[in-house]
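Given chain A, work out where chain B should sit, using these hints.
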Amino acid sequence: MSGFDAIATYYNYGVTIFLMVAGLYIVVARGNMIKKLIGLMLFQTSVYLLYLSAGKVIGGTAPILADGIEVYSNPLPHVLILTAIVVGVGTLSLGLALIVRINEAYGTIEEDELFGEGRDT
Amino acid sequence: MSAATSAAFELGDHLAILPIAVPLFGAGIACLMPRPFLAWLVAAISSLAVAVLAVLLVFKVQEVGTISYALGGWAPPIGIEYRVDMVNAFVLMIVGGIGAVIMLFALDTVPQDVSPRLQPWFYAIYLLCLCGLLGMAVTGDAFNIFVFMEISSLATYVMIAMGRDRRALLAAYQYLIMGTIGATLYVLGIGLLYTVTGTLNLADIAGRIEGAYAEYPRAVVAALAFVLVGISLKLALFPLHVWLPNAYTFAPPFATVFLAATATKVAVYILVRMYFGVFGPAISVATLPVTQAIMLLALVAMFAASLIAFYENRVERMLAYSSVAQVGYIMLGIALANETGLTGGIVHIFNHAISKALLFVAIGAVVFRLGHTRINELAGIGRRMPITMAAFVVGGLSIIGVPGTAGFISKWNLALGAVQNGTPFIVFLIMASSIIAVLYMGRFIEIAYFRTPTGDCESARDPGPLIMAPMLVLAAAVIYFGFDTTYSADLARDAARVLLGTAAQ
Numbered sequence: 001m002s003g004f005d006a007i008a009t010y011y012n013y014g015v016t017i018f019l020m021v022a023g024l025y026i027v028v029a030r031g032n033m034i035k036k037l038i039g040l041m042l043f044q045t046s047v048y049l050l051y052l053s054a055g056k057v058i059g060g061t062a063p064i065l066a067d068g069i070e071v072y073s074n075p076l077p078h079v080l081i082l083t084a085i086v087v088g089v090g091t092l093s094l095g096l097a098l099i100v101r102i103n104e105a106y107g108t109i110e111e112d113e114l115f116g117e118g119r120d121t
Numbered sequence: 122m123s124a125a126t127s128a129a130f131e132l133g134d135h136l137a138i139l140p141i142a143v144p145l146f147g148a149g150i151a152c153l154m155p156r157p158f159l160a161w162l163v164a165a166i167s168s169l170a171v172a173v174l175a176v177l178l179v180f181k182v183q184e185v186g187t188i189s190y191a192l193g194g195w196a197p198p199i200g201i202e203y204r205v206d207m208v209n210a211f212v213l214m215i216v217g218g219i220g221a222v223i224m225l226f227a228l229d230t231v232p233q234d235v236s237p238r239l240q241p242w243f244y245a246i247y248l249l250c251l252c253g254l255l256g257m258a259v260t261g262d263a264f265n266i267f268v269f270m271e272i273s274s275l276a277t278y279v280m281i282a283m284g285r286d287r288r289a290l291l292a293a294y295q296y297l298i299m300g301t302i303g304a305t306l307y308v309l310g311i312g313l314l315y316t317v318t319g320t321l322n323l324a325d326i327a328g329r330i331e332g333a334y335a336e337y338p339r340a341v342v343a344a345l346a347f348v349l350v351g352i353s354l355k356l357a358l359f360p361l362h363v364w365l366p367n368a369y370t371f372a373p374p375f376a377t378v379f380l381a382a383t384a385t386k387v388a389v390y391i392l393v394r395m396y397f398g399v400f401g402p403a404i405s406v407a408t409l410p411v412t413q414a415i416m417l418l419a420l421v422a423m424f425a426a427s428l429i430a431f432y433e434n435r436v437e438r439m440l441a442y443s444s445v446a447q448v449g450y451i452m453l454g455i456a457l458a459n460e461t462g463l464t465g466g467i468v469h470i471f472n473h474a475i476s477k478a479l480l481f482v483a484i485g486a487v488v489f490r491l492g493h494t495r496i497n498e499l500a501g502i503g504r505r506m507p508i509t510m511a512a513f514v515v516g517g518l519s520i521i522g523v524p525g526t527a528g529f530i531s532k533w534n535l536a537l538g539a540v541q542n543g544t545p546f547i548v549f550l551i552m553a554s555s556i557i558a559v560l561y562m563g564r565f566i567e568i569a570y571f572r573t574p575t576g577d578c579e580s581a582r583d584p585g586p587l588i589m590a591p592m593l594v595l596a597a598a599v600i601y602f603g604f605d606t607t608y609s610a611d612l613a614r615d616a617a618r619v620l621l622g623t624a625a626q
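Same order as they appear, the protein sequences are chains A and B.
In terms of my numbering, the first sequence opens at residue 1 and continues consecutively.
In terms of my numbering, the second sequence opens at residue 122 and continues consecutively.
I should point out that these hints are in silico values taken from the structure, not numbers from a laboratory.
Each hint can be trusted.
Within a straight-line C-alpha distance of at most 20 angstroms, the following computed SDA-like cross-link-like pairs (lysine to any residue) qualify:
no. : chain 1 : residue 1 : chain 2 : residue 2
1   : A       : K35       : B       : I298
2   : A       : K35       : B       : M299
3   : A       : K35       : A       : V100
4   : A       : K35       : A       : T45
5   : A       : K56       : A       : I17
6   : A       : K56       : A       : D5
7   : A       : K56       : B       : T320
8   : A       : K56       : B       : T316
9   : B       : K181      : B       : L192
10  : B       : K181      : B       : A191
11  : A       : K56       : A       : A66
12  : A       : K56       : A       : V79
13  : A       : K56       : A       : T9
14  : A       : K56       : B       : G319
15  : A       : K35       : B       : Q295
16  : A       : K56       : B       : A340
In silico contact screen, one side only, chain B against chain A (beta carbon under 7 angstroms); selected entries:
no. : residue
17  : F264
18  : E271
19  : L275
20  : Y278
21  : A282
22  : R287
23  : L290
24  : A293
25  : Y294
26  : L297
27  : T301
28  : T305
29  : V308
30  : L309
31  : G312
32  : T316
Over the 12 angstroms line for every Cβ pair with chain B, so calculated as not near, a few chain A residues:
no. : residue
33  : D5
34  : F18
35  : A66
36  : S73
Glycine included, C-beta positions come from ideal geometry on N, C-alpha and C.
Chain B with its partners taken away, still in its complex shape:
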């Protein structure tokens, strides 16, 4: 009995490393599986375990505050530290939760793109990507972030290249070039920071950066610029988004759902951590017009990307440009940099993750049935696939920000934050860009419901329970989190307080 309690105690001690270790070992096991289903089972069990661990981490952080874990027993700041506070516990929960929910979706859709022989490798790659994203979120070491960023990125390139269309290869290559430039710029910035502070531990850098800035202002400003631009490439901030639409369009639907819901979100987290947690608003604001630049690009993204989405003819591309616009909202919250605005930005990481996952699962169901997603060839699809399209409408309403859906909570907080910031015209801009979202979502929904089904749409029907289950869970989540914000906006507010240094100790 005592052995059991001590084992449980130790497991609790290692809670910070387990979400990384489980998918990493899972990947090694999955690729050795002789049958695709067994590999899927390994991936599903790992994803589920990660989700449970992430939720446990959130509870533990709420209970005991920040968790610091010395990797390999080497004490920070010399050793690598895994540091979990409210902010990254929240991100871990999003990534883990999405990963667990969408696994059923893989079972039906992955065989359409990937041959049975390669499927175990596909699931192994997926687990590596999951491992990399979680690692980026959990680590408190600047160089470790780069390593995990490259693990997740390399896995992402492979997953995108698995798409059935040959253009998937071009999309993967394009993303490889741009993603590597982004990661290299980031590591360049970290190198400069290391040169002037002598440490790679994020908390340690934060403690020394004021002194370093006094002594070497130019190096610190250059580091800030390199880090911000590098991460902005990864999170697809507006003019640096060109890799994203092709990647989302041509990747296998399962990969698209996973990446759209998690990859850019983790990059946003890194930016937030660097901006508020390492450089601190004092240096960021004093040296470069970072806040103004982010706000301007966020606003341009909200309008330009939404307008492009309106003119896109493939649903996935429309949703991809919508993602670029939604990243704009998240960045707007970061640029507002007051508690309510930042809460809006962080909760939108969560709300956009579930809404976009829902939309891509629904459109993945259409791909599963029809194999194409050109809007003008999907006339009347809403009458033949009623549940799928109803779920799509729920996701669309959330992207627009209609009250009663998760998206409304984000925009409400963003609008309040904008008013508190003394810039009420931004509230008007949020409304205006939401109207464009009404147009691009409405255009597709109108064709889907109010035209007579033609061609192969006539014989389409809703997908089986394997796709239906994650779709309905996500749709329920989008509506649920529009009403109960205990686990979304309230956690995001705690995270915002931690970032702004106003947390109740």
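Only chain A is shown next, with the shape it has when bound in the complex:
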């Protein structure tokens, strides 16, 4: 397999890894709580792509029974990711709701300014 073929075959996995690492980096490096959540969602999105890449059959169509079509993509990963997206939306909305409450309680959502509040002496 030439280098170009390898890139063409696996570039979606490359995108997956990039999204994953970029997402995690944002979670770790940013102090703003909303930016952290964005990073978290990016991280989750990479997993969606991983599942969908595995489910794609080259040359296959959408998995709906029809005459004259023999090759279908695997529907299971799509169903799983539909569930995962719902879970992700739930997590995101709960996270944003918490941020709203934190902003009401503290007047800030920057972790630098909230730092030290967690300990009790």
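Leaving out everything else, chain B in the frame of chain A:
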């Protein structure tokens, strides 16, 4: 009459799904209740029903062996399978039992943190959390575990955020970030496993993993790493525990009792299931130094977390770090991976659940009376709240592992397992970390009993029967299971045999 028998027969057939269905529907009913007490009643009845169902499941598994339930009538491995063997029947019994025992505790303490308008929703969330934890334990489908894990986790974040201190919000947010990373890493690992085995049924994956490993060793090793690290975040294995102390400290006391006794335990179960039941020790040991890593982290947890506990100034934080240390003991049993050691680890899931529930109920009683738990402000509390503190001492002795309490049974099995493993120095380490437990428990108990009561401790008194009843039941259980191990260590031994594949067929 025949209709009645056939209905009973069918109910027996659906025993595996009922512990999930009851709290799920209970949650829907509880949030519609107009009065807090009615919502509590729904939650209490559901919890009690779950406990009874879990015990029935244990008996049924003992009688007929592994139960396989095809969800919605779709046959496994295509459909989702609920698979109950000795291991998860035991976990179901722990979660259900704790949930039922602590419900009375909610009636007095929840109104302190949650406004009457929100209480029906609080109980609904609690039932969802219970449903998620039981679902994780009962399902035999890798992706279904993720779904239930997120149900219980989202419910947990909400319960923690209900705490009266505004720092509860930060604790919930912190846990949300870390918990989601953990769950996402887990689902990433499952995705890789699905790619190389083509199935999500745990038993099916276990059957195909050898072939998959021969063909795609790197993908299987990556899956193992992602799954183990993801679950380790959930169960608060030592360096991944940072979400836990704040969550336990600032959550409403009822939520703390429930989470401390059940949430990390179910995550441990998932790890055990993945490690022994899916990947199998052959692959786990051959590819990555997993056993050594778990053992090292377990030992570090036993010492580091215990030392931090000694320096903590709030009782809840001390108990939370103690939990991290106790998870270390459980993981040590898993890393030993022989029958006695694994029995010690699994029975410690049970023994630690009842001991920590007891400790958090007792300290919840102190919060109920005083509203604060700084150790140096609790001087002489043992003289004013004698029964509460006596119960706390019983729980503390169990955490230390004194003979005659449940904790001793776990440590005895762990020590024997360590000797059988040819690593007797671990026995010494178990003893040494127990001595640190003596120090941190002793520090608080000394202040509680041997100082003159000052400030508001002077007028404190034992709580009413609603808190007293679960406290005394748990204290009795901690002592009882220190002597009679028929329903703790013996069941754990059966579970260990199932996991190690040495069960008598």
